[in-house]
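Protein chains: 2
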Amino acid sequence: MKIIEIVEQVFSINSAIKNAYIDFSKMDCSVVAIKTDQYINGEQIIGYGFHSNGRYAVSELLKKRFIPRIKESDFKGLLNDEGNNFSPEKIWKVMMHNEKPGGHGERSTAVGTLDMAIWDLVAKIEQKPLYEVLANKYGNKQFTNKIFVYAAGGYYYPGKDVAMLQEEMKSYVDQGFSTVKMKIGGASLKEDLTRIESVLKIVGDGNNLCVDANGRFDLPTAKTYAKALEPYQLKWFEEVGDPLDFDLNAKLCEEYPNPVATGENLFSMQDARNLIRYGGMRKNKDWLQFDCSLSYGLVEYVKTLGMIKDYGWSPTRIIPHGGHQLSCNIAAGLGLGGNEIYPNLFQPFGGFPDNSLVENSYVTFPRFVGLGLESKAKLKVILEKI
Amino acid sequence: MKIIEIVEQVFSINSAIKNAYIDFSKMDCSVVAIKTDQYINGEQIIGYGFHSNGRYAVSELLKKRFIPRIKESDFKGLLNDEGNNFSPEKIWKVMMHNEKPGGHGERSTAVGTLDMAIWDLVAKIEQKPLYEVLANKYGNKQFTNKIFVYAAGGYYYPGKDVAMLQEEMKSYVDQGFSTVKMKIGGASLKEDLTRIESVLKIVGDGNNLCVDANGRFDLPTAKTYAKALEPYQLKWFEEVGDPLDFDLNAKLCEEYPNPVATGENLFSMQDARNLIRYGGMRKNKDWLQFDCSLSYGLVEYVKTLGMIKDYGWSPTRIIPHGGHQLSCNIAAGLGLGGNEIYPNLFQPFGGFPDNSLVENSYVTFPRFVGLGLESKAKLKVILEKI
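Chains as they are written, first to last, in this note's numbering: chain A, 1 to 386; chain B, 387 to 772.
Incorrect hints may appear among the rest.
[To be verified] Straight-line C-alpha distance at most 30 Å; calculated DSSO-like pairs for lysine-lysine:
#1 A:K64 / B:K486
#2 B:K486 / B:K450
#3 A:K63 / B:K587
#4 B:K404 / A:K100
FYI, nobody ran anything at the bench for these hints, they're computed from the structure.
Chain A with its partners taken away, still in its complex shape (with noise of 0.2 Å):
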């Protein structure tokens, strides 16, 4: 059992659309194919991986550091101890092999990208979904192909007023998410309570709404925006403070007594136990939303979900950033709160398999192998062309 090829194509995911923090025209993906010698029904197992929005392409890292290493690697130290499949924890160490400790950033994307590969492939030639893989392997067996997810976009673009916004939202709804996840912190307090109350017109109780400022705010306005949302009873109040500034977080959750939610931008385990230990996130209340390929992939996340384990946190309090089917096949099989979808964006990356049924803000799967990336018709045939 060989890999026998790796190969990185970058894609566009670039939009109009902008967040408080940025804009997305020039936002690109890298997408990797691990070719194997193995074939099942005369069909060659070829494992797939990308990244989440957000980060760019990272080609170099790859092709200059991350995909050598493999290459160089002796094979046989790839495989599992039974030598039926390949090992996603000694690869991810072939990986990480002289990179210094510290500063997660870009390479937890590139190690990312080929773990989501490598996890495609060891599904794959268990023929089951990611998501039975990985309960069989870190769970208790139970996994589920029905999963909570919402809609996420309410970005910000030119000529964007609230009669588009809300058309926006009610097109989500109307594609089955009753919650949905909206931008604030690009406008003024006024201007953002105006876009709330039009879609909250749209989606009915506060808690089918999230707000997201992208990091944005400093401690005063945080407070005041907290003031200002608290009695609409959103789902979340996102990302508010800048990723790393746990102690504006901590100070936050002390007098917003609704839920927040935050953690996308903290890429390893470690910055995100800094956030359990540092940032007054409430483990009754609250969401983590650690994305899963931008954070040095699967093996990283597994400890992850051990860390906040030892802190007391449920898995169900994770919902993770990304958008994609990994992360749909993490909370499928590793007992997550859900995932974030994005209907028209960074397509066709994310999402999930064609013929899923979304309804009520659930998604239910059809039967599909490996991450199911196939299952999705117009991915497909972007992936069969790498």
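Got chain A; can you put chain B on it based on the hints?
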């Protein structure tokens, strides 16, 4: 006043050494030249920058994101308000456009490398050494051309025995470095103690010796080493645990009465702030080692200095990682406690100008302009070819 070209080239700084975490066999470095339309005495003003060892070259990040953002910006927007020099702060903002908060690694190296070249330009246009420019801009106009330096070495490498370690350390003493640093944690505690005692025979007092674990130890190992090291009264015990495990560091500081040092793998003001907030570091005895060129450069470093001041720390507690003339200049111009130097490694990028005088671990620089890189003949040859 215009930037007319920005070029990058990668240089190998590989060597056979290893610390407790990585070997340096594939280590390389991005070097940039920012060429302007300005001439002084018929010579074109070019700013040069590179980054510290320990992190890899960042060519693609430079060529795809950070250099194009500078090139595509309005050139007048890159100048200071008087229009008579470049503005590092404005250029920094241009570079960080469309970068999300958090995830401080790799890109922090790319921005730091360009930022270094920009400060070289600024000081060359002023026809002053950078340390004088910095003292005038941020300090009380007090600067010095004499700073504390210590010799960092004592790495592990194949076949290196205690006699060779002693010989290495003796060579540093002969070069004027009375204070030296050696690696620990890459061998057993017993072997490391033998190595430490052998070096103490060369440098005499424990206050002349620092030891560096490169983030390798868990808490029990850290405590075992701390107990064993205590009687030697060493100058400092460096990077004992994972750089982001502030809790480990705080627990170590509770038990170990002698100085500790850390911070070289924290690549933003926010990460540095978390060390100050949560790391248990003692402002009367411990040392901070934030690396300017790996941490978004001097524009960010000034924020970090402001932050430590807000927490009651003196800049004299900072002795930065890096071993090059950027660190020398910030130490000399911003009142830091000194600088690390690798006399035998990462050449010709490390060290200080030719004809500098090293005595009792203090270096005195000759007069230079900019960062003083061209005052080092071997480095000048390389830079002029870029």
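Hint check results:
1. A:K64 / B:K486: Holds: K64 of chain A and K486 of chain B sit about 24 Å apart, inside 30 Å.
2. B:K486 / B:K450: holds (16 Å)
3. A:K63 / B:K587: At roughly 46 Å apart (the allowed maximum being 30 Å), K587 of chain B and K63 of chain A break the hint.
4. B:K404 / A:K100: holds (11 Å)
Figure legend: structure checked against the earlier numbered hints; the only hint not met is number 3.
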